[in-house]
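**Student:** Chain by chain, the residues:
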Amino acid sequence: MSAASVTSFPRRSPPTILVVEDDVITRCHVCDELRARGLKVLEANSSDDAFAVLDRVRVDLLIIDIHLPGSRDGLDVARFVRDRFGPTQIILTSGRPDAPRIPDLDDVGVFVKKPYLVEQLLEVVSRRLNWPSASDM
Amino acid sequence: MSTISETLDFQSDASTHTILVVEHEVLARLVIADYLRDCGYKVFEAANSDEAVTMLQAPDVAIDIVFSDVQMPGDMDGFRLARWIRAHHPGVRVILTSGVERSADIAATLCEAGPLLEKPYAPQSVVDRIRQLMAKAATKP
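If you're matching them up, the sequences are chains A and B in order. Using this note's numbering, the first residue of the first sequence is number 1, and each one after it goes up by one. Using this note's numbering, the first residue of the second sequence is number 1001, and each one after it goes up by one.
Just chain A, with the same shape it has in the complex:
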């Protein structure tokens, strides 16, 4: 079968996303836009809260700031998700200039540099989840 004959259909049931971000304005804005696209969105403001949610809910995508308050940082949460929940997609964000040089960053997830346009993040989400983007809706 040729690659051209394979069609990837958008998924039907809304995926669940956990957004972990300690900047409340950014978090609410991102979550609001994701919900407006029909996605199920959970939010947490620290690594501790993220672990509490992950302990109870299986998520399809984790969007997490690398630098977070709490006993562990966002990268720890992302590595935990990668190791424990393999199929879960991961998007890492950070505004720190040294963040892209984290050695295993690409192994953990897709990196989106802050500040980002929400539309830019939404496009990455659509691609990772095979979920219609704003332009498809």
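There may be inaccurate statements among the hints.
[Claimed, not checked] Cut-off 20 Å, straight-line C-alpha distance, at most; resulting in silico cross-link-like pairs (EDC-like, lysine to aspartate or glutamate):
1) Lys1140/B / Asp1064/B
2) Lys114/A / Asp22/A
3) Lys113/A / Asp22/A
4) Lys1042/B / Asp1060/B
5) Lys40/A / Asp55/A
6) Lys113/A / Asp98/A
7) Lys40/A / Asp98/A
8) Lys40/A / Asp1034/B
9) Lys1119/B / Asp1034/B
10) Lys1042/B / Asp98/A
11) Lys40/A / Asp1060/B
12) Lys1042/B / Asp55/A
If you are wondering where the hints come from, they were derived from the structure by calculation, not from laboratory data.
Got chain A sorted already, so can you dock chain B onto it with the hints?
**Tutor:** Here is chain B on its own, set in the frame of chain A:
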């Protein structure tokens, strides 16, 4: 049983109001925030009073009601948050909730801070309170 027109009225009422849920216990916050969204409200979430104040001060965010836990870590508990809202955003209605019995007595002396809902609460009771508050606000001259 509600009629179709009553249901539509309720949904249109809900869709015009924005609720800020302030609760530091993340799982409790997710449950009530989700329930309120399912009821048609636009809902923002804050994990503590500092986040709530930031949201209330954001120029492009219009919040109608704050539903806040009384017990919260940090300098500002739910009572202090309610007083701050009354001083800085008098048009925003506040509903407080607490699992501590004594809080109800304190809330009674702070009637301007709004009625207190005892924890554990049924999610529908939060919706009932919201509707009561907004109905009362609508009848004020």
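**Student:** Each hint needs a verdict: does it hold in this structure or not?
**Tutor:** Results for each hint:
At roughly 15 Å between alpha-carbon atoms, Lys1140/B and Asp1064/B fall within 20 Å of each other, so this suggested pair holds. Taking the CA atoms of Lys114/A and Asp22/A, the gap is near 13 Å; set against the 20 Å cutoff, the hint holds. In summary, the hint linking Lys113/A to Asp22/A is supported, as the alpha carbons are separated by about 16 Å, within the 20 Å threshold. This hinted pair checks out: Lys1042/B and Asp1060/B have alpha carbons roughly 14 Å apart, not beyond 20 Å.
A hinted pair counts as satisfied when its Cα atoms are at most 20 Å apart, and Lys40/A with Asp55/A qualifies at roughly 17 Å. Our distance criterion of 20 Å between C-alpha atoms is met by Lys113/A and Asp98/A, whose separation comes to about 11 Å. At roughly 32 Å between alpha-carbon atoms, Lys40/A and Asp98/A are farther apart than 20 Å, so this suggested pair is violated. In summary, the hint linking Lys40/A to Asp1034/B is supported, as the alpha carbons are separated by about 9 Å, within the 20 Å threshold.
Of the supplied pair hints, the one linking Lys1119/B and Asp1034/B holds, its CA atoms being roughly 17 Å apart against a limit of 20 Å. With a C-alpha separation of about 37 Å, the suggested pairing of Lys1042/B with Asp98/A is violated against the 20 Å cut-off. Only pairs whose Cα atoms come within 20 Å are accepted, and Lys40/A paired with Asp1060/B is rejected, the gap being roughly 23 Å. Pair hint Lys1042/B plus Asp55/A does not hold up; C-alpha atoms about 27 Å apart against a cutoff of 20 Å.
Comparing the model with each earlier hint shows violations of hints 7, 10, 11 and 12; every other hint is respected.
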